[in-house]
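**Student:** In terms of the numbering used here, the sequence shown is residues 107 to 375.
Hints in this document: simulated from the structure, not taken from any laboratory.
Everything numeric in this text was worked out from a predicted model, so none of it was measured.
A virtual CB, placed ideally from N, CA and C, is assigned to each residue, including glycine.
Careful: at least some of the hints might be erroneous.
[Claimed, not checked] Taking lysine to aspartate or glutamate and the EDC-like style, the derived pairs with C-alpha atoms no more than 16 Å apart in a straight line are:
1. 365 <-> 345
2. 365 <-> 127
3. 108 <-> 194
4. 317 <-> 272
5. 128 <-> 157
6. 128 <-> 158
7. 108 <-> 272
[Said to hold, decoys possible] For each label pair, taking beta carbons as the anchor points, the in silico distance ranges come out as:
8. 314 <-> 124: 16 to 26 Å
9. 193 <-> 370: 36 to 46 Å
10. 152 <-> 217: 17 to 27 Å
11. 360 <-> 209: 15 to 25 Å
12. 168 <-> 108: 28 to 38 Å
13. 363 <-> 284: 13 to 23 Å
14. 348 <-> 287: 20 to 30 Å
15. 313 <-> 154: 33 to 43 Å
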Amino acid sequence: MKSRLVTVVIHAHLPEPEPLEKISLAQTLDVLGRHPITFVVPMDLDTRWYEDFCRGRATVRFMRFAWRGLDEYARMLLSPAFYARFHDHRYLLICHLDAFVFRDELAAWCHRGHDYVGAVIHHRTWERGHQRSLGRAANVDTLHKLLRATTTGYLANGGFSLRRVDTFLRLTRRFERYIDAYASMAIARGRGVWEDLFVLRHFPQLSGDFKVPPRRIAARFGAEHVDEVDADLGRGARDVADLPFGIHGWIQYQPEVWKPYARRFGHAV
């Protein structure tokens, strides 16, 4: 029996976040502070800044893992050892320091019963030739192939995502060799380990009962890049009440679009 419904998981690798990341963190604490919050950090990271910043705002704990760099971080999120550390929770909300949450819908999304929900990446931006939706070097043809290989019809960024712990623990254990082979091949080819794209491409095929919502539902959970919000929720749907639960990548993609929303919540930006 799981003792807790969910914890908000924030990955940190710097002794102190960048200025806009501090705004993301403050917003996460303000909106989701009633839920337990877990910082996942490298083994040797000095966490004093985070402890001071969170004091009196939320109940936080720190989990240390041996990871450095994007590929090791992504590989960690495909590892059973990671999910085993959260065995007392039913769900994890991965909430990166470039995510921005607008309201607390966390329990409601947990009760929907999905195994995975992520911030929708709108593939029409790739068709127009834009690669920045992923925030990393990528070949557009490769991304199109990834999209065609999914059974969901869309891809989602794991930087703002809800994951059922038991399901991810079961699948990462059962297919550990398969995952290791994928990660090794990706690194050898210099492509990088895209764990979030791997999840939506492979997990529904590896497990027939892997529950992922249709795109129209996932779009209410989260989006990456303002184009996704417009495309899925309708042009002009920019009132806070009409926006998704949260967005990912607001710092990298059109920060000037999102800064007014941050100011609405009282953040000086």
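**Student:** It remains to establish, for every hint, whether it holds in the given structure.
**Tutor:** To see whether the hints hold, each was checked on the structure:
Our distance criterion of 16 Å between C-alpha atoms is met by residue 365 and residue 345, whose separation comes to about 14 Å. With a C-alpha separation of about 12 Å, the suggested pair residue 365 and residue 127 falls inside the 16 Å cut-off, and the hint holds. Taken as a hint, the residue 108 and residue 194 pair is honoured in the structure, with Cα atoms around 5 Å apart against an allowance of 16 Å. As the CA atoms of residue 317 and residue 272 are separated by approximately 13 Å, the hinted pair is consistent with the 16 Å bound.
Under the criterion of a C-alpha separation no larger than 16 Å, the hint pairing residue 128 with residue 157 is consistent with the structure, at around 13 Å. Taken as a hint, the residue 128 and residue 158 pair is honoured in the structure, with Cα atoms around 13 Å apart against an allowance of 16 Å. With a CA separation close to 10 Å, the supplied pair residue 108 and residue 272 stays within the 16 Å bound. Distance hint check for residue 314 and residue 124: the Cβ-Cβ separation is about 42 Å, which falls outside the suggested range of 16 to 26 Å.
Between residue 193 and residue 370 the Cβ separation comes to about 38 Å, which falls inside the hinted range of 36 to 46 Å. Distance hint for residue 152 and residue 217: a CB-CB separation of about 37 Å, inconsistent with the stated range 17 to 27 Å. For the pair residue 360 and residue 209, the supplied restraint of 15 to 25 Å holds, since their beta-carbon distance comes to about 21 Å. The supplied range of 28 to 38 Å is broken by residue 168 and residue 108, whose beta-carbon atoms lie about 21 Å from each other.
For residue 363 and residue 284, the Cβ-Cβ distance of about 39 Å falls outside the hinted range of 13 to 23 Å, so the restraint is violated. For residue 348 and residue 287, the hinted distance range of 20 to 30 Å is not satisfied, since their beta carbons lie about 43 Å from each other. A C-beta distance of roughly 41 Å is found between residue 313 and residue 154, which places it inside the suggested range of 33 to 43 Å.
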